[in-house]
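Protein chains in written order, with the working numbering: chain A, 2 to 228; chain B, 214 to 432; chain C, 214 to 432; chain D, 7 to 364; chain E, 7 to 364.
Rather than coming from a laboratory, the hints here were simulated on the basis of the structure.
Glycine included, C-beta positions come from ideal geometry on N, C-alpha and C.
There could be a bad hint or two in this list.
[What the hints assert, rightly or not] Restricting the straight-line Cα-Cα distance to at most 16 Å, the calculated cross-link-like pairs of lysine to aspartate or glutamate (EDC-like) are: (1) D:K340 <-> E:D255; (2) E:K176 <-> D:D241; (3) E:K176 <-> D:E268; (4) E:K216 <-> D:D172; (5) D:K340 <-> D:E316; (6) E:K247 <-> E:E280; (7) E:K176 <-> D:D239; (8) D:K176 <-> E:D239; (9) A:K112 <-> C:D218; (10) D:K176 <-> E:E280; (11) A:K57 <-> C:E400; (12) D:K216 <-> E:D172; (13) A:K112 <-> C:E400; (14) D:K340 <-> E:E215; (15) E:K340 <-> D:D255; (16) D:K176 <-> E:D255; (17) E:K340 <-> D:D254; (18) D:K247 <-> D:E280; (19) E:K118 <-> E:D191.
[Said to hold, decoys possible] Derived coverage of chain A by chain C (criterion: at least 3 residues anywhere in the stretch with Cβ under 8 Å from a Cβ of chain C; other residues may be distant): (20) 36-45; (21) 62-69; (22) 129-139; (23) 150-156; (24) 180-187.
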Amino acid sequence: HVATASNFRQPLQLLARSFEAESGHKVRISTASTGKLYAQIRHGAPYHLFLAADQKRPERLEQEGLAVPGSRFTYAVGQLTLWAPQHPFQGEPKALLSQAGLQRFAIANPKTAPYGMAAQQTLKAMGLWKQLQGRLVQGENIAQTLQFIASGAAEMGFVARSQLSEETRSKGYHWMVPQTLYNPIRQDAILLRRGADNPAARAFHAFLQADSARALISTLGYGLDNH
Amino acid sequence: MESADISALWVTLRLALTTSLILLLLGTPLAWWLVQTRSRLKTAVEALVALPLVLPPTVLGFYLLIALAPDGIIGGMTTHGLAFSFTGLVIGSALYSLPFVVQPLQNAFCSINPLNLEAASTLRASPLDRFFSIVLPLSRPGFITAATLGFAHTVGEFGVVLMIGGNIPGETQVLSIAIYDHVEALEYAQAHWLSGGLLLFSFIILFLVYRQNNRWSHP
Amino acid sequence: MESADISALWVTLRLALTTSLILLLLGTPLAWWLVQTRSRLKTAVEALVALPLVLPPTVLGFYLLIALAPDGIIGGMTTHGLAFSFTGLVIGSALYSLPFVVQPLQNAFCSINPLNLEAASTLRASPLDRFFSIVLPLSRPGFITAATLGFAHTVGEFGVVLMIGGNIPGETQVLSIAIYDHVEALEYAQAHWLSGGLLLFSFIILFLVYRQNNRWSHP
Amino acid sequence: MSGIEFSFELERDGFQLNAKARLPGMGITALFGASGSGKTSLLRCIAGLERAGMGRLTVNGECWQDSAKGLFIPPHQRALGYVFQEAALFPHLRVRANLEYGWRRTPKAERKGNLNHICDILGIGGLLQRYPQQLSGGERQRIALGRALLNNPRLLLMDEPMAALDRPRKAEIMPYLERLHTEADIPILYVTHDLEELARIADHLALVEKGRILKQGPLAEMFANIDLPIARDEDAGAIIKTQVTGHDDGYHLTHLHFCGGEILVSRIERAVGEPLNIRIHARDVSLALQPPGESSILNVVQAVVTEMLEQGAGRIMVRLDAGGTPLLARITHKSQSRLGLERGTPVYAQIKSVAVSI
Amino acid sequence: MSGIEFSFELERDGFQLNAKARLPGMGITALFGASGSGKTSLLRCIAGLERAGMGRLTVNGECWQDSAKGLFIPPHQRALGYVFQEAALFPHLRVRANLEYGWRRTPKAERKGNLNHICDILGIGGLLQRYPQQLSGGERQRIALGRALLNNPRLLLMDEPMAALDRPRKAEIMPYLERLHTEADIPILYVTHDLEELARIADHLALVEKGRILKQGPLAEMFANIDLPIARDEDAGAIIKTQVTGHDDGYHLTHLHFCGGEILVSRIERAVGEPLNIRIHARDVSLALQPPGESSILNVVQAVVTEMLEQGAGRIMVRLDAGGTPLLARITHKSQSRLGLERGTPVYAQIKSVAVSI
Ligand SMILES: Nc1ncnc2c1ncn2[C@@H]1O[C@H](COP(=O)(O)OP(=O)(O)OP(=O)(O)O)[C@@H](O)[C@H]1O
Ligand SMILES: Nc1ncnc2c1ncn2[C@@H]1O[C@H](COP(=O)(O)OP(=O)(O)OP(=O)(O)O)[C@@H](O)[C@H]1O
Ligand SMILES: [Mg+2]
Ligand SMILES: [Mg+2]
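So here's chain A without its partners, still in its complex pose:
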């Protein structure tokens, strides 16, 4: 039984399918935001494996003794992307972001979502944070941020590269933000105490670190941990 942050639901479904075919084990997936899952695990949720959207929560679980020590690893690294579906713009992203006609710029909530934190760091690094203040709209998580843009309510914003499908990638302007502008968005997984003695959980835990899985994750728009 795997609990995953909402943004990794689809990749996880693909991974689980190939794992099920390979091992014969059955994978159950529950999704919610990382913060909710953390609270649930602390209060006895029946999850075996936890795929968070950040490092902080798995770390804490490890400290609190709710997870198997040393089982933590980074399964994916998020990549921040600027997306402006309605702008057939070519050129410097800074110019795009500085244009006067910009009404609404969407980012995820820096306080609760890792992509939000990254977006904030990026804008600060580009020296645009103050300037954009009044136009920022925050999605509660990165999925909502994408919907702000997809619905046309916001003209552009920072989203995760993994969210953009083939179809959406072909629309409008993209800019993959260089890793130098923000701290890497490491998404950690950890084996929970409940899963410690569960062979299926252990097997899936191992499967996720195998090369085949890493390759799949990479093709879905995530970076990989080099360590």
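Since the structure of chain A is provided, determine the placement of chains B, C, D and E with the ligands on it from the hints.
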């Protein structure tokens, strides 16, 4: 429609039915007590009933999670706690939808002419008998409102359920979360289908209920 | 309490007050029409009013977002769209809380003895005058219920607001989201304080409203 | 064109209102009929509370309703006073506010009644701060009466307004109603089951039966008609137009003159020369062939038998002519035989003065 | 220990019930009093609908309430029939279900009434499928009456049950109520404003004034007491115990015998030898010093004046003794002077037979 969606539909229907049934069973005596009592506690209880409403559902869910966990106040009374179980969901939904059931009932009870009850009492009807033969039928519109608001609100309910349910397919994953997941995953077509179906289905149910109610009221 | 929380509190109060006021203004004639009409549309309209309830708030929010966007059906009528604006929030909350206002009012109107209206009409009271001098005062409990349910539900509302609000401090960031953020960010102490404060505040308001209502009803 | 002319059709399951008449546009017209005969339905139609039925209604020249032309003046523009059969007080208003409800809505120029005055007449001055739920049945009915009167109506509709009142209370209120229609010239339609009350107050009588107006006419004429159902009533009797001719202060008597002779009644405070209608119950009139000897019966009138009708159970209703004035006497079969009464027999009609009701 | 013994205290703003009496445990006891005097309040206390007040109540030996001992039998266990002043029908039930409400809740062994029979008496057979809102005022009142009767009560409380009914309808129902208490032995407390109705139906009379029982006693005694307020009523009169002594078929008359002589009335279907109470209105009795000549007045009774009371407006109430039976006569001051009436004067009392009400 994915099989997960179908099972979510079933969980949703079971949850909404169970919750509204339980709410009617609990809300009816509570509302009746509120109408009849001269106790000083009355006003406080009324305010308490409406209170869960003002908390955001996820926050309410968070506190419920703490309470229902194996070491929580309520969960502690059971062996494994009530969080992440269907029972837990029912408790959460019931708490959150309580005011939608109690207040319409209370208003309905309140507007019954006491002369009707007095007349029934002189015609050998005991208090319980009076309640069933006079109060209940005379407050039918209140019950319809209470039941539909309670039912619909549970169907659409989301935050509490997500928090204390854990979104476990087949057990605590309800339709609202399934739709939400589709939206999150940009699977708009599926989201539209599910939402449209839910709306149509609900519309038909509500339409039938209201039509019956309107027929009854024009003898 | 952070300054952001304080401004969220203000936005919340403004939103809840505006929404419940608008709902009462819109819901009253709608409910009255539903009680008076013999139109065939009646039942359909009743069902429609209750419909927004069955959609999960975030999903309703999603559709609203599309409608309110600058190129949406509603947003298209304005220059910049209504998403991420206070006006947009009010529209969303009002739509979602409509049944909580309309149904109690409808029940209250329905339980007025028509003889009272007939008597008033022979005493020179025009239909509008009758409405204000007879219908309104006689359905006070219904109005109290409608107003408190509408208000409380808007305070606690979350999904819709989250979706179409964009969490802009001072404009669309409401208390429910602020509390939610604290919970998500593991700032439990702050979440407890805010929730506790909100509960206490709401309890006092509700208590006062209900006490006044109870006083009125025992002359 | 004075008069209340109407024609209403209203269909209900098991009942059909089909009432058509022209009632006088002044004075008190009583509607009398059995329970369920359609009196309330008729009043509701006149008030404009039953929109469903077909109807035409003209009140003193003003057309209020004509379904054929699509004309329908709504109730609140009809300047009515309607006393409902159930008091129908507003439960959320105190007695004072109930009384003032119509008053406040009357244009200033049309306001005539006076709250304090009406409270005095109805004996409700002490109840002004109460809510309707805190009143007795009769008190509620009086408030409803007061509320209708304070509405400054141009037409008063009263549906058994005194059914819950005791006789002394009625006796206090009735003269006021009479003054209302004589002084303020407001026509009154008055539903009642009580022939006594009716005779005391009405000028005109319409009999309602199975949704129709069976017959209508001036009270005296209707009462003298022994073929009508009301002649079978215990309280049947003739109504006589008289004139006050003098007072006997020593004995507290008043002398009344009518075409057929003189009648003495208990003293009444009316000026000499004033006209006065009195009523003589058929049961209070006894017949003799010779002038009776000394007895406490003061009034003896010479008359001729004009009509006799068997009423079953050995009772006979005799219609007499006393110098052009009709009189009714109810006697037994035995008396009729013993006296050998026939049409044209001259008789002495003895009337107990105290039984005359005004 | 037969009898309805009670003592109730109930405080309301501006009104205080303080009623204490022992009424007979059988027959019909009328409660008579002005509007607002507390009649309804008293009935409600007896029914157990007013828990607030202090009270004690024993009905035919069973203690139903004793605040001092904390005893309070709730209304639904009192086996009552209560006809409310307002009909109080259940709006969600059809007439039939309303009628059967109490009946269904009566243990089978105690069921006595019969739906069809009661519908016939009340003339409501055609209304069974209606809802209360679809009835006329009088129809509603009859259903309420039927519902109370079908509750198989051991005590009937009736609050002006016939106020909305016309006289022929009343005349049909009253004999049934009389039979109810004679045959089924159910005591009835009957509130009415109508002295006529009261005299016809009641055995016992309790006068209610300002929340107290002013005076109570057997009807005949109360009616013959010229000091009571009811003696001032237009319908005042004496009640006389008689016995049927024969019928005169030719003239449709019945001969009645009482201590003071004989009286002829319109034929009544009672067997010879049966006792019968009749009533003679004071206004129907005229006095003479000599035996009167031929007249349509059949009944002349010899009597002696025992008491006289001025009632104002030149009227005098005379109480007579006719061989031990009290009679009342209302005459004018003038008659009194002319005849020189004094206590002890022997007179001939003329009574119009048709004015005798049974
Ligand atoms: N809403 C209704 N639907 C169907 N029938 C009705 C309705 N209201 C009254 N009736 C019937 O119409 C007839 C006339 O009723 P109405 O109230 O006019 O009688 P009424 O003369 O006022 O009688 P009462 O003296 O008893 O008040 C009755 O037979 C009654 O049953
Ligand atoms: N709920 C109440 N609160 C205060 N006073 C009341 C209440 N109910 C009745 N009263 C008062 O108590 C007195 C007695 O009322 P009750 O109804 O017993 O009179 P009643 O004799 O039945 O009169 P009626 O013949 O008019 O029906 C009245 O003066 C009335 O105003
Ligand atoms: Mg009527
Ligand atoms: Mg009363």
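Of the hints stated earlier, which fail here? 3, 10, 14, 16, 21 and 24
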